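J.: The residues making up each chain are set out below.
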Amino acid sequence: MGYAFSAGYGILLILFGLLPALYAIFLAFTQEGAFVGLDNFVKVFNDYRFWPAVQHVAVYLVIWLTFQTIFVVLLALIVHAFGSRWLSISTRFLYYIPGALAGASSVMLWLFLLDPSVSPVSGVLRALGMDSFVETVSIENLPVIFTIIAFWTGAGGWIVIMYGALNNISQEVMEAARVDGAGTVKTAWYIQLPLLRKWISYMGIMTLAAGTQLFVEPRILSQASKGVVPGDYSLNQLAYLYAFRQNDFNGSAAISLILLVVALGLAAFFVFRGGLFERD
Amino acid sequence: MGRAFAIAVALIFVVFFVLPLIWLLLAPTKTPLQLLTGNPFSFGGLGSLAENWQSLSEFQNGIVWTWLGNAAFYSGAALVLTLIVSIPVGYALALTEFRLRRALLVTTLIVMLIPNTALVLPIFLELSAVRLIGNPLSVILPFSFFPFGVYLTYIYFSTGVSRDLLDAARIDGAGEFRVFWRVAMPLAAPVIALVGFFNFVGNWNNYFLPFVMMPGRKAPIQVGLAELLSNVPLFNPTSAGSVTIEVPVLALATIISVAPVLVIFLFSQRFLVSGMTAGGTKG
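Keeping their order, the protein sequence lines are chains Y and A.
The first sequence begins at 9 in this note's numbering and counts up one residue at a time.
The second sequence begins at 221 in this note's numbering and counts up one residue at a time.
Hints listed in this document are in silico derivations from the structure and should not be mistaken for laboratory results.
In this text the structure is predicted, and so the values were computed from the model without any measurement.
There may be inaccurate statements among the hints.
Chain A side only, calculated, beta carbon under 10 Å to chain Y, not exhaustive [what the hints assert, rightly or not]:
| no. | residue |
| --- | --- |
| 1 | 237 |
| 2 | 238 |
| 3 | 263 |
| 4 | 280 |
| 5 | 283 |
| 6 | 300 |
| 7 | 334 |
| 8 | 338 |
| 9 | 343 |
| 10 | 365 |
| 11 | 391 |
| 12 | 407 |
| 13 | 412 |
| 14 | 428 |
| 15 | 481 |
| 16 | 486 |
With a cut-off of at most 20 Å between alpha-carbon atoms, the simulated SDA-like pairs for lysine to any residue come out as follows [as the list claims (entries may be wrong)]:
| no. | chain 1 | residue 1 | chain 2 | residue 2 |
| --- | --- | --- | --- | --- |
| 17 | A | 438 | A | 226 |
| 18 | Y | 234 | A | 225 |
| 19 | Y | 206 | A | 332 |
| 20 | Y | 234 | A | 447 |
| 21 | A | 438 | A | 420 |
| 22 | A | 438 | Y | 252 |
| 23 | Y | 194 | Y | 91 |
| 24 | A | 438 | A | 281 |
| 25 | Y | 194 | A | 224 |
| 26 | Y | 234 | A | 450 |
| 27 | Y | 194 | Y | 181 |
| 28 | Y | 234 | A | 451 |
| 29 | Y | 194 | A | 223 |
| 30 | A | 438 | A | 285 |
| 31 | Y | 206 | Y | 178 |
| 32 | A | 438 | A | 476 |
| 33 | Y | 194 | A | 226 |
| 34 | Y | 206 | Y | 91 |
| 35 | Y | 206 | A | 222 |
| 36 | Y | 194 | A | 464 |
| 37 | Y | 51 | Y | 37 |
| 38 | Y | 234 | Y | 249 |
| 39 | Y | 234 | A | 223 |
| 40 | Y | 234 | A | 227 |
Ideal Cβ placement from N, Cα and C applies to all residues, glycine included.
Between the sequences and the hints, there should be enough to build the whole structure, so can you do that?
T.: Right, dumping it as structure tokens:
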């Protein structure tokens, strides 16, 4: 009976989970159907665009991960300590609402905000020495810009999740800390943070996995800046160029496969070691 | 002292999160000149709003509405299909026994944690091998594969519905489908809404998959929005001459592109929160 209930999902899982992965493996190790070993990977590694893309993504990841971890946890702790329930609910809501603008829309909005000629914060941009859109999106600023965009859309959701986790910490533990004379900061550091550890590592893993996939932000900025932001800034963009510009599906599959293995590794590690998900 | 500092930090971030949205909501009420020179947080006028609406509607014979319709069709069809396949399997994982159950559960968990962008190019390569690119199925079917929804359903049924209740129905002679339909389904309304919400929002905002699968007039609004960008003179000085889009019009298009999601967000906050925290249960 279980099989009948699972059939529809099982088919989709095979068609859009398993088969694409297997097909990417096949493409990555062949050329025109003939097995070529690691040739496609060697070609990709020797591509002058590959290592800069790896570096771009890595720098972005470090900045985003650090910034997001610190501020999501900090803001969740602050909002959780609010005495007024109403204040805490509305603050979380305001943090969360930009999440509605995921994807292209948020990048579009940030295009305006980053262009000193229309930006409501043009004063800030100019003070930082950015007098035109092209100057704002110069390549050394990009990791910070992508971090701001990703934080703006995604942090609210994580703050809500962390807040939920903080609510799960038993009142008795918190009370005991208070009786022992621990202030808010000490309680946060010695009690709340250690108990949030699983959730923080969950966020870290998801952030890492999502960050390696960087695509829509540089893609749209590249379109808007007429190539000041290069079309091959991130790995996914490069994989896209292989498939669409160079008609080289094997090279594209090789890059996709590398990214997929990274994501799969992170996911599997977390499912088996993270201890957050029910797998009975 | 410390308290005031904490509140100041929280407030600064409120400004950071909200200010861009307010600016965006006001921008379409202005003329391009007002936007460049006026106070960024002033209200322009309803006349300019109507004008901007007009020029957006007229752009390429109303292609924006075509894109919106496409997005509604792709995400809507995927929503229905997702519910049809996800709810039964979540139920089966939670409340029935079968040999592949554990394998299916662990696979679902792992796939759920993989960002959906990771499979876009592999799915593209696969579907182009069977010549499905440009066919609505090439987005609707991948959109309907939603492991997170299966996991949410699984959690919901395994914590919210007892096996005893189902056994009682079985003793009364109900078959398995009848048990599912008559006992489990009437209890499933909250999780159906939750799965539907996350699926619809995620698919509506998805850019990468439809971007590679559905070019041109078949694109959904998120892809179309980025397309509009190449007609904005501010960002592309060389596009002058052809029909152009002014910045307030682009801002209006941005609002329209997320309007359905924004409305859903405003009205389902509480319930959303419960869904997000259900992502992990052993907190």
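J.: Hint by hint, note whether the structure agrees.
T.: Going down the list of hints, with the structure as the test:
The interface hint given for residue 237/A is met, as the beta carbon of that residue sits about 5 Å from the closest beta carbon of chain Y, less than 10 Å. About 5 Å separates the beta-carbon of residue 238/A from the nearest beta-carbon of chain Y, less than 10 Å, and the hint is met. Hint status for residue 263/A relative to chain Y: violated, with the closest Cβ pair at about 14 Å, above 10 Å. At its closest, the beta carbon of residue 280/A sits 17 Å from a beta carbon of chain Y; the interface hint therefore is violated under the 10 Å criterion.
With a least beta-carbon distance of about 16 Å to chain Y, the hint placing residue 283/A at the interface is violated under the 10 Å criterion. With its C-beta approaching chain Y no nearer than about 12 Å, residue 300/A sits outside the 10 Å limit, and its interface hint is violated. Here the hint on residue 334/A is kept, as its CB sits about 5 Å from the closest CB of chain Y, short of 10 Å. For residue 338/A, the suggested interface contact is upheld, since its CB lies about 4 Å from the closest CB of chain Y, less than 10 Å.
For the restraint placing residue 343/A at the interface with chain Y, the shortest Cβ-Cβ distance is roughly 5 Å, inside the 10 Å limit, so the hint holds. At its closest, the beta carbon of residue 365/A sits 4 Å from a beta carbon of chain Y; the interface hint therefore holds under the 10 Å criterion. With its C-beta approaching chain Y no nearer than about 16 Å, residue 391/A sits outside the 10 Å limit, and its interface hint is violated. Interface hint at residue 407/A: violated, since its Cβ lies 16 Å from the closest Cβ of chain Y, which is beyond the 10 Å cut-off.
Hint status for residue 412/A: violated, given a least beta-carbon distance of 15 Å to chain Y, over 10 Å. For the restraint placing residue 428/A at the interface with chain Y, the shortest Cβ-Cβ distance is roughly 5 Å, inside the 10 Å limit, so the hint holds. Annotation: residue 481/A was flagged as interfacial toward chain Y, and the flag holds, the nearest CB pair being 5 Å apart, inside 10 Å. Checking residue 486/A against chain Y by beta carbon gives a least distance of about 8 Å; that is within 10 Å, so the hint holds.
A C-alpha spacing of about 49 Å is found between residue 438/A and residue 226/A, which places the hinted pair above 20 Å, so the restraint is violated. The suggested pairing of residue 234/Y with residue 225/A is violated, with an alpha-carbon distance near 43 Å, which exceeds 20 Å. The hinted pair formed by residue 206/Y and residue 332/A meets the criterion: a straight-line CA distance of about 18 Å does not exceed 20 Å. For the proposed pair residue 234/Y and residue 447/A, the alpha carbon gap of about 13 Å is at most 20 Å, so the pair holds.
Note on residue 438/A and residue 420/A: the hinted pairing holds, with a Cα-Cα distance of about 19 Å set against a maximum of 20 Å. As the CA atoms of residue 438/A and residue 252/Y are separated by approximately 18 Å, the hinted pair is consistent with the 20 Å bound. This hinted pair checks out: residue 194/Y and residue 91/Y have alpha carbons roughly 18 Å apart, not beyond 20 Å. As the CA atoms of residue 438/A and residue 281/A are separated by approximately 14 Å, the hinted pair is consistent with the 20 Å bound.
This hinted pair checks out: residue 194/Y and residue 224/A have alpha carbons roughly 17 Å apart, not beyond 20 Å. Between residue 234/Y and residue 450/A the CA atoms are separated by roughly 9 Å; this keeps the pair inside 20 Å, and the hint holds. Of the pairs offered as hints, the one joining residue 194/Y and residue 181/Y holds, with about 13 Å between alpha carbons and a cut-off of 20 Å not exceeded. With a C-alpha separation of about 12 Å, the suggested pairing of residue 234/Y with residue 451/A holds against the 20 Å cut-off.
Between the alpha carbons of residue 194/Y and residue 223/A the distance comes to roughly 14 Å, so the proposed pair stays at or under 20 Å and holds. For the given pair, residue 438/A sits about 11 Å from residue 285/A by alpha-carbon distance, which is consistent with the 20 Å threshold. Our distance criterion of 20 Å between C-alpha atoms is met by residue 206/Y and residue 178/Y, whose separation comes to about 16 Å. Under the criterion of a C-alpha separation no larger than 20 Å, the hint pairing residue 438/A with residue 476/A is consistent with the structure, at around 18 Å.
Taken as a hint, the residue 194/Y and residue 226/A pair is honoured in the structure, with Cα atoms around 14 Å apart against an allowance of 20 Å. Proposed proximity of residue 206/Y and residue 91/Y is contradicted: the alpha carbons are some 26 Å apart, above 20 Å. Only pairs whose Cα atoms come within 20 Å are accepted, and residue 206/Y paired with residue 222/A is rejected, the gap being roughly 27 Å. A threshold of 20 Å between alpha carbons decides the hint, and for residue 194/Y with residue 464/A the separation of about 58 Å lies outside it, so the pair is violated.
Restraint check for residue 51/Y and residue 37/Y: the C-alpha separation of about 12 Å stays at or below 20 Å, so the hint holds. A threshold of 20 Å between alpha carbons decides the hint, and for residue 234/Y with residue 249/Y the separation of about 16 Å falls inside it, so the pair holds. The hinted pair formed by residue 234/Y and residue 223/A fails the criterion: a straight-line CA distance of about 47 Å is larger than 20 Å. For a cut-off of 20 Å, the pair hint linking residue 234/Y to residue 227/A is broken: about 42 Å separates their Cα positions.
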